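Novice: Sequence:
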Amino acid sequence: MSRFRTIIMYVVLAVVTVILLAGVASMQTRMDRQVEEYHLRFTGQVENAPPMVAFTTVALGSFRGLVADLLWLRAGALQDEGNYFEMVQLARWITDLQPTFSGATAYLAWNMAYNISVTCSSFEDRWRWVNEGIKLIRDQAMVYNPEDPMLYKELAWFYHHKMGNILDDANLYYKNQMAILMTGVLGERPDWAGMAAAPVGEKAFMKAYPPEHPLWKAMEKCGYKDYAALYDAFINAYPAELPQKLTSALNDPEENKKLSDYFRAEYLRRRLKMDAAFIRDLNLKYGEFDWRVPESHAVYWASQGIAHTLGHENLDCARIITQALQDCFRSGRILVFDAENAADIQLMPNLALVGAAYNAYMDTQKHYDKDREYSTFRSARINFLKPAVFDLYTYGKTAEAMKYFKLLIKEDGPQKGGTLEKFVQLQLAERVKNGTVRTISGAVNGLLFRSIICLIGGDQEAAVAHERLARFVYNYYENDMGGTARTQLPPYKEMKAQVVTRLLEIWDKSNKRYAALLRARISEEEAAAAEQKKNSAAETEKK
78 MSRFRTIIMY
88 VVLAVVTVIL
98 LAGVASMQTR
108 MDRQVEEYHL
118 RFTGQVENAP
128 PMVAFTTVAL
138 GSFRGLVADL
148 LWLRAGALQD
158 EGNYFEMVQL
168 ARWITDLQPT
178 FSGATAYLAW
188 NMAYNISVTC
198 SSFEDRWRWV
208 NEGIKLIRDQ
218 AMVYNPEDPM
228 LYKELAWFYH
238 HKMGNILDDA
248 NLYYKNQMAI
258 LMTGVLGERP
268 DWAGMAAAPV
278 GEKAFMKAYP
288 PEHPLWKAME
298 KCGYKDYAAL
308 YDAFINAYPA
318 ELPQKLTSAL
328 NDPEENKKLS
338 DYFRAEYLRR
348 RLKMDAAFIR
358 DLNLKYGEFD
368 WRVPESHAVY
378 WASQGIAHTL
388 GHENLDCARI
398 ITQALQDCFR
408 SGRILVFDAE
418 NAADIQLMPN
428 LALVGAAYNA
438 YMDTQKHYDK
448 DREYSTFRSA
458 RINFLKPAVF
468 DLYTYGKTAE
478 AMKYFKLLIK
488 EDGPQKGGTL
498 EKFVQLQLAE
508 RVKNGTVRTI
518 SGAVNGLLFR
528 SIICLIGGDQ
538 EAAVAHERLA
548 RFVYNYYEND
558 MGGTARTQLP
568 PYKEMKAQVV
578 TRLLEIWDKS
588 NKRYAALLRA
598 RISEEEAAAA
608 EQKKNSAAET
618 EKK
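Note that our numbering gives residue 118 to position 41 of the sequence shown, counting from 1, and the numbers run on in steps of one.
Calculated directly from the structure, the hints in this document are not laboratory data.
Please read all numbers here as calculations on a predicted model, not as lab measurements.
Glycine included, every Cβ here is placed at the ideal spot set by N, Cα and C.
Mixed in with the good hints, there may be bad ones.
Claimed, not checked - DEER-style ranges, computed between Cβ atoms: (1) Glu582 / Gly180: 47 to 57 Å; (2) His389 / Ser456: 17 to 27 Å; (3) Glu332 / Met479: 47 to 57 Å; (4) Ile243 / Arg548: 24 to 34 Å; (5) Ser456 / Met104: 44 to 54 Å.
What the hints assert, rightly or not - Subject to a maximum C-alpha distance of 20 Å in a straight line, what follows is the list of computed PhoX-like cross-link-like pairs (lysine-lysine): (6) Lys480 / Lys493; (7) Lys570 / Lys586; (8) Lys322 / Lys302.
Take these sequences, add in the hints, and give me the full structure.
Specialist: Here it is in structure tokens:
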């Protein structure tokens with residue numbers, strides 16, 4: 078009898094176990110369906126993961142969360158002690174244990190880009206750590222958590238705050254490295270429409286270029302055995318470009334252009350995980366960005382964050398977009414940079430983005446602060462308009478300056494001075510007020526320097542505007558403070574000649590092309606002055 082009871086008990090237990098397992102399986106199926114439907118993140122099996130990540134997620138199962146918690150406790154203690162380097166290794170283990178726990182990766186990336194980087198005295202080492210932090214989020218965390226807006230916001234913040242701001246004394250080095258990197262990937266003048274229209278990925282390329290296409294015969298003739306060989310040849314050039322022998326063998330400018338656009342877009346996608354079509358759309362929406370500056374990348378990743386947020390609403394990303402657009406307007410265009418000397422990089426306002434920055438503040442306020450009487454976006458918009466009017470005017474964009482001056486009056490009431498010209502002059506006077514000979518001399522020299530840089534860059538309007546401001550500052554100071562020998566500035570022509578001489582000395586060593594352009598401009602001005610003098614003398618003789 079006891080044996081019969083035992084058998085019955087086992088059968089009952091088996092039935093109960095089967096029922097429970099069926100219930101768990103059903104529940105798991107429902108949960109998986111909801112995860113997919115509502116874009117939830119979870120800590121289950123990770124697809125396309127490296128071997129170590131795949132092993133830990135399968136072998137440890139649910140226990141990996143417990144191990145990760147213990148490592149977090151240790152990492153927190155190391156953080157308090159300032160022992161960042163050991164903490165990095167622990168955080169890497171945590172990331173391997175919990176690859177879909179994006180908070181761990183963001184934490185590690187932040188420490189790399191901020192805490193660890195500033196412990197390095199070498200700017201090169203700092204750049205390496207900042208770049209490692211960026212790559213950890215962009216190349217790893219986003220693969221496992223493609224719909225987590227926090228990651229996009231963090232990445233955008235790195236570009237905007239760490240690299241774009243001036244708080245880190247290595248910021249010019251970061252900007253220069255960005256310019257070198259992006260020039261290598263994009264070349265001098267990328268065609269975003271052509272890149273966006275190119276096939277996406279190797280499979281699409283092979284479909285667009287079947288075996289009978291002339292490309293493959295040309296490649297064989299030039300010694301490129303397959304797609305990979307041609308891709309490697311493209312990216313190994315600086316800037317990346319198709320080999321000259323291949324373009325000559327194809328002898329088809331239109332086809333060469335399409336191939337170049339494809340490989341450039343593919344290189345951008347593989348190395349920087351950026352989509353050419355998305356960039357094209359941003360350029361169409363806001364205006365033409367200079368993609369060599371960090372702030373442009375901040376707009377890109379924050380916009381991606383909004384695109385990957387359920388409902389496409391994310392206040393944190395929207396704030397970064399408005400701030401980055403403002404900074405893109407103020408200093409979002411590289412005029413010159415020197416791969417050998419980061420200090421020689423020259424940033425100029427991207428005046429084409431003034432409307433985009435203003436509209437971004439307006440649209441964000443309407444969307445997120447529409448029911449609030451006082452909005453931080455309105456305050457930020459007014460604070461943007463004042464220097465924007467000044468910058469537009471000083472760069473010779475008088476009509477646009479007047480447009481936004483009227484908007485400023487509408488938003489903030491009458492401004493000091495009343496008229497646009499007086500408003501700009503008062504702002505400039507305020508900046509040089511109570512200045513010493515040294516500071517005013519530096520301001521005049523800086524404006525003359527910018528004037529010459531604009532002239533070399535082909536922006537005649539801005540060059541004239543900057544020299545006009547230099548004369549205004551010079552005359553303002555001389556009339557107010559230059560009455561004694563101790564406070565007097567050198568003659569204006571002498572100051573300008575000194576700036577030209579200094580620039581030629583620098584460029585003769587670091588950038589001979591700019592030195593040649595400057596000498597050519599000087600020769601043109603001297604010839605024009607001589608011609609004017611000759612004509613004046615002829616007119617005098619006639620009289």
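Novice: Each hint needs a verdict: does it hold in this structure or not?
Specialist: Hint check results:
1. Checked against the given bound of 47 to 57 Å, the beta carbons of Glu582 and Gly180, roughly 52 Å apart, stay inside it.
2. Distance hint check for His389 and Ser456: the Cβ-Cβ separation is about 25 Å, which falls inside the suggested range of 17 to 27 Å.
3. A C-beta distance of roughly 48 Å is found between Glu332 and Met479, which places it inside the suggested range of 47 to 57 Å.
4. Look at Ile243 against Arg548: about 28 Å separates their beta carbons, and that is inside 24 to 34 Å.
5. Checking the proposed 44 to 54 Å range against Ser456 and Met104 shows it holds: the Cβ atoms sit about 50 Å from each other.
6. At roughly 17 Å between alpha-carbon atoms, Lys480 and Lys493 fall within 20 Å of each other, so this suggested pair holds.
7. Distance check on the hinted pair: Lys570 and Lys586 sit about 25 Å apart at the alpha-carbon level, beyond 20 Å; violated.
8. At roughly 14 Å between alpha-carbon atoms, Lys322 and Lys302 fall within 20 Å of each other, so this suggested pair holds.
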